[in-house]
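This is what each chain is made of:
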Amino acid sequence: ETGVTQTPRHLVMGMTNKKSLKCEQHLGHNAMYWYKQSAKKPLELMFVYNFKEQTENNSVPSRFSPECPNSSHLFLHLHTLQPEDSALYLCASSQDFRNTIYFGEGSWLTVV
Amino acid sequence: EDQVTQSPEALRLQEGESSSLNCSYTVSGLRGLFWYRQDPGKGPEFLFTLYSAGEEKEKERLKATLTKKESFLHITAPKPEDSATYLCAVQAGTGANNLFFGTGTRLTVIP
Numbered sequence: 001e002t003g004v005t006q007t008p009r010h011l012v013m014g015m016t017n018k019k020s021l022k023c024e025q026h027l028g029h030n031a032m033y034w035y036k037q038s039a040k041k042p043l044e045l046m047f048v049y050n051f052k053e054q055t056e057n058n059s060v061p062s063r064f065s066p067e068c069p070n071s072s073h074l075f076l077h078l079h080t081l082q083p084e085d086s087a088l089y090l091c092a093s094s095q096d097f098r099n100t101i102y103f104g105e106g107s108w109l110t111v112v
Numbered sequence: 001e002d003q004v005t006q007s008p009e010a011l012r013l014q015e016g017e018s019s020s021l022n023c024s025y026t027v028s029g030l031r032g033l034f035w036y037r038q039d040p041g042k043g044p045e046f047l048f049t050l051y052s053a054g055e056e057k058e059k060e061r062l063k064a065t066l067t068k069k070e071s072f073l074h075i076t077a078p079k080p081e082d083s084a085t086y087l088c089a090v091q092a093g094t095g096a097n098n099l100f101f102g103t104g105t106r107l108t109v110i111p
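First to last, the sequence lines map onto chains A and B. Be aware that the first sequence starts at 1, since it is given in our numbering, and climbs by one per residue. Be aware that the second sequence starts at 1, since it is given in our numbering, and climbs by one per residue.
Treat each hint with caution, since some may be false.
To be verified - In silico lysine-lysine, DSBU-like type, Cα no more than 35 Å apart, as pairs: (1) A/Lys22 / A/Lys41; (2) A/Lys18 / B/Lys68; (3) B/Lys79 / B/Lys63; (4) A/Lys22 / B/Lys42; (5) A/Lys22 / B/Lys68; (6) B/Lys79 / A/Lys19; (7) A/Lys52 / B/Lys79; (8) A/Lys40 / B/Lys69; (9) B/Lys69 / A/Lys36; (10) A/Lys19 / B/Lys59; (11) B/Lys59 / A/Lys41; (12) A/Lys36 / B/Lys79; (13) A/Lys18 / B/Lys57; (14) B/Lys79 / A/Lys18; (15) B/Lys59 / A/Lys18; (16) B/Lys79 / A/Lys40; (17) B/Lys42 / A/Lys40; (18) B/Lys63 / A/Lys36; (19) A/Lys19 / B/Lys63; (20) B/Lys42 / B/Lys79; (21) A/Lys41 / B/Lys57; (22) B/Lys42 / B/Lys63; (23) B/Lys68 / A/Lys19; (24) A/Lys40 / A/Lys22; (25) A/Lys18 / B/Lys63; (26) A/Lys19 / A/Lys36; (27) A/Lys19 / B/Lys57; (28) B/Lys69 / B/Lys42; (29) A/Lys41 / B/Lys68; (30) A/Lys41 / B/Lys42; (31) B/Lys79 / A/Lys41; (32) A/Lys18 / B/Lys69; (33) A/Lys36 / B/Lys57; (34) B/Lys79 / B/Lys57; (35) B/Lys42 / A/Lys36; (36) A/Lys52 / A/Lys36; (37) B/Lys69 / A/Lys41.
It should be emphasised that the hints constitute simulated quantities derived from the structure, not laboratory data. For clarity, every value in this text was computed on a predicted model and none was experimentally measured.
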């Protein structure tokens with residue numbers, strides 16, 4: 001139990017579907033992150049929120065749309081994805097940008 | 001350009017055979033170096049943070065050390081349950097996008 005919970009753990013979606021990934025942290029942290037992990041590549045930072053305000057959008061295609069209603073919850077809305085978007089999507093949180101980042105278990109996404 | 005390189009890419013050890021994993025980095029303004037363990041299909045699990053050259057941290061069979069250019073994760077008398085991918089990340093700067101990850105070392109410990 002890491003204190004960061006992600007749902008669903010596995011998702012298969014067609015290229016025309018719309019789905020969402022959900023993340024909740026129980027650590028009282030102020031910053032939340034979405035990362036993408038693909039085979040043999042370093043973790044790629046996608047989005048960062050601090051006190052529910054977006055502070056970073058790392059040139060992510062618009063088919064990925066984040067939402068952060070409060071400091072404990074983070075969503076990643078997905079629509080018209082491509083097969084190359086298949087990956088492990090990791091949510092993480094930290095007290096602030098200077099402190100350790102704690103990850104959730106990830107959501108495995110397969111786009112068919 | 002900020003960069004983090006981990007070696008070897010994969011390592012197979014017999015149970016009880018000690019070894020070390022390497023994380024070398026070129027960043028300006030190092031603020032911290034993090035080690036994570038990642039099991040297949042799961043998210044990275046935090047192990048250690050090192051802040052300055054000469055610092056060492058230990059946890060069970062793992063010991064992390066830091067110099068000005070690299071960090072080592074020493075594994076003493078490993079067991080099969082130590083099999084995992086070990087990720088290194090370097091924090092540079094104070095902004096939101098300040099964490100740079102390596103590609104990991106996949107460790108397999110054979111009984």
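Please verify whether B/Lys69 and A/Lys41 have alpha carbons no more than 35 Å apart. With a Cα-Cα distance of about 22 Å, the restraint between B/Lys69 and A/Lys41 holds, given a limit of 35 Å.
Straight-line alpha-carbon gap A/Lys18 to B/Lys69, limit 35 Å: Cα-Cα ~45 Å, so violated.
Would you mind confirming whether the straight-line C-alpha gap from A/Lys52 to B/Lys79 stays at or under 35 Å? Since the Cα atoms of A/Lys52 and B/Lys79 sit roughly 42 Å apart, the hinted pair is violated (cutoff 35 Å).
Straight-line alpha-carbon gap A/Lys41 to B/Lys57, limit 35 Å: Holds, at about 27 Å.
Taken at face value, is the distance from the CA of A/Lys22 to the CA of A/Lys40 at most 35 Å? 25 Å, holds
Take the C-alpha atoms of B/Lys42 and A/Lys36, compute the straight-line distance between them, and say whether it is at most 35 Å. Status holds; Cα separation ~13 Å.
Hey, A/Lys19 versus B/Lys59, does the alpha-carbon distance stay inside 35 Å? 40 Å, violated
Holds or violated: B/Lys59 to A/Lys18, with C-alpha atoms at most 35 Å apart: Violated. B/Lys59 to A/Lys18 sits at ~43 Å, over the 35 Å cutoff.
Holds or violated: are the alpha carbons of A/Lys19 and A/Lys36 at most 35 Å from each other? Roughly 16 Å between the alpha carbons, so the hint for A/Lys19 and A/Lys36 holds.
Does the alpha-carbon distance linking A/Lys36 and B/Lys57 stay inside the 35 Å limit? The hint holds at about 29 Å.
Keeping to a limit of 35 Å between CA atoms, is the pair of B/Lys68 and A/Lys19 held or broken? 45 Å, violated
Holds or violated: A/Lys36 to B/Lys79, with C-alpha atoms at most 35 Å apart: Given that 35 Å is the threshold and the Cα spacing comes to 30 Å, the pair holds.
Checked against the numbered hints above, the structure violates hints 2, 5, 6, 7, 10, 13, 14, 15, 19, 23, 25, 27, 32; every other hint is satisfied.
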